[in-house]
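Student: The chain contents come next:
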Amino acid sequence: MIKYVHFARIAFADFMRAKVRIFSRFLIYMLITWAGVSMWRVIYHTGHAPSGITLTDMGWYIGLAQMLFFLSPRIFVVIDEDVRSGNIAYFLNRPMPYLAMRLSEGLGALAVHILVYFICGAIFLYVFLGGWPSGGLESVALGASLLITASIIHLLFQIACGLSTFWTNDAIFIYHAYQKFMILLGGVYLPISLYPSFLPPDVIHLLPFSAMIGGPASLVLGGQDVWTILALQGFWGILVFMGVRSFYALCLRKVEVNGG
Amino acid sequence: MTNSSVAIDVNHLKKSFRVRRKSGFWKGLVSPVYDTVDAVRDLSFTVQKGERVAFVGPNGAGKSTTIKMLSGILHPTSGHVAINGFTPWIDRKKMAYQIGTVFGQRSQLWYHLPAGDTFELLSYAYDMDRGTFQSRMTDLVDKFDAGHLIEKPVRQLSLGERMRCEIIASLLHRPSVLFLDEPTVGLDVVSKGVIRDLVKAASEEDGTTVLLTSHDTGDMERVCDRVIVIDHGQLVTDQKVKDLRTGYIREKIVTLAMKAPEIALDIAGIRMVEKKPHHLKLAIDTRQISVEYVLQTAMQASSLDDITVEDPPTEDIIKAIYSGVKSEAKRSV
Chain A
464 MIKYVHFARI AFADFMRAKV RIFSRFLIYM LITWAGVSMW RVIYHTGHAP SGITLTDMGW
524 YIGLAQMLFF LSPRIFVVID EDVRSGNIAY FLNRPMPYLA MRLSEGLGAL AVHILVYFIC
584 GAIFLYVFLG GWPSGGLESV ALGASLLITA SIIHLLFQIA CGLSTFWTND AIFIYHAYQK
644 FMILLGGVYL PISLYPSFLP PDVIHLLPFS AMIGGPASLV LGGQDVWTIL ALQGFWGILV
704 FMGVRSFYAL CLRKVEVNGG
Chain B
19 MTNSSVAIDV NHLKKSFRVR RKSGFWKGLV SPVYDTVDAV RDLSFTVQKG ERVAFVGPNG
79 AGKSTTIKML SGILHPTSGH VAINGFTPWI DRKKMAYQIG TVFGQRSQLW YHLPAGDTFE
139 LLSYAYDMDR GTFQSRMTDL VDKFDAGHLI EKPVRQLSLG ERMRCEIIAS LLHRPSVLFL
199 DEPTVGLDVV SKGVIRDLVK AASEEDGTTV LLTSHDTGDM ERVCDRVIVI DHGQLVTDQK
259 VKDLRTGYIR EKIVTLAMKA PEIALDIAGI RMVEKKPHHL KLAIDTRQIS VEYVLQTAMQ
319 ASSLDDITVE DPPTEDIIKA IYSGVKSEAK RSV
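So the sequence lines, in the order shown, correspond to chains A and B.
Our numbering puts the first sequence at residues 464 to 723.
Our numbering puts the second sequence at residues 19 to 351.
Note that these hints are calculated values from the structure, not bench results.
Heads up, a few of these hints could be off.
With a Cα cut of at most 20 Å, we get these calculated EDC-like pairs of lysine to aspartate or glutamate [said to hold, decoys possible]:
1) K717(A) - D261(B)
2) K294(B) - E280(B)
3) K337(B) - D261(B)
4) K270(B) - D324(B)
5) K260(B) - E239(B)
6) K466(A) - D145(B)
7) K111(B) - D145(B)
8) K299(B) - D324(B)
9) K170(B) - D477(A)
10) K466(A) - D147(B)
11) K161(B) - E179(B)
12) K717(A) - D109(B)
13) K466(A) - D135(B)
14) K170(B) - D157(B)
15) K717(A) - D56(B)
Please model the entire structure based on the sequences and the hints provided.
Tutor: Spelled out as structure tokens, the structure:
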């Protein structure tokens, strides 16, 4: 077990060193959040505000929902590159599973982003939105905590996308498809409770995308119950983990190392 | 029953790949047709512990595929392999502690990190205790003269420097079998020499069994005692490197520096390689004529300032082996 901690530790140190990368990612996060909040500001000013949700609450919701995309490192790119370049050959004959190694590194990098986004992101949102949401700091802390578990599930999904390279030779478009589902069904730009009737919230809430994005973010709106979201995350986390393991076993039989 | 002196035991190894045949978009989607390509066909050989063996063959001969099966990365279509008694694709984890791999065209070092950090990570991956790791790393870094390299991020290293670090990384856990797949590819002459000498010295010191694939005959001559030549996935020859010359050389290269500006040597079995005033370079087919007879004839025509008799380069010997295989194949069609 200790070996995985060291892989995470080195990845943490590596990501901490990349200050330009951290800064540019955070800049993009601020821009996207600003765009999302500005859109809602227009809606509120035209008198179409959803009842019971203040603009500040909505701003915090958008800020937390967007955060998920920035917390996890782009681990699917690393796996895609390993498969396409053939470097995976090196990692397969090590006395530790390749996926566990990459997941440990992903968790190390995630820890860096948690520090940056939970501190700087909270300060940015507080200043930009002019205060805490109605649920107070406590609701933000709860939502943020669930974003950590959500990011781990997101890492597992990314691993599955990366492994798809064994068949598709390019994981990017698989990841993009997954990302579109997250945006569409996760409640990234508006809370799931406001979804149109043909996308019934009761069903959408059960999907992993909602458990990863809309669920944790909705805590600042006084939405879903924390334990329900956590239970859904646990269910999807275990399911995706088992799926990834089976998929990896299938990939090992498919290995044909590129380039001789 | 496994012989304890055998490090690598390969029996009737076969690997076939299914390759999708090119066809129109819709046809390929609805009813794809596959061809079977045999990368390795019925390959058998053994390598004794501590031996250094070169695995040579032209592009597409099946060298890398074989190494990847031996190191547990690829599953064979059929056949049996034992590395120190382990079946690589079944006992992958157990075997991982006993083997090291170096793939010349790949990298196991973390690109943005100093190589020293990768060594540290690998020591954890191989469950090395801190004392053993520190002494082993110090020892290898000294031998490979890499003290100044391991603090730099890998992206700042030259190819030769990176390859030295790659080999250290592979030797760190003291593997008893080292697989090297084209370790000197892309390196300059000096770096090649350094890598060859270091691999050989490390193998001699630790008794490491080495299986090396390369297109460069220099790797074979400087590092290995034995050569296995394969082509089209089949064994062509398996012998000591020094015996290659006696088995396959049909020519001797003779260079003459003469007093006379030129001499006529119109003898069957002689091929002119180079002709300049006072200088002749000849290839003599020793099956048709002896070197002694040619030299006597030359000395009768002119007095000589200098005589050099050489074997053709090893590269030519390997070429001769390949072309021998091709002409055999043509004859059998």
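Student: Report the numbers of all earlier hints that the structure fails to satisfy, in ascending order.
Tutor: 1
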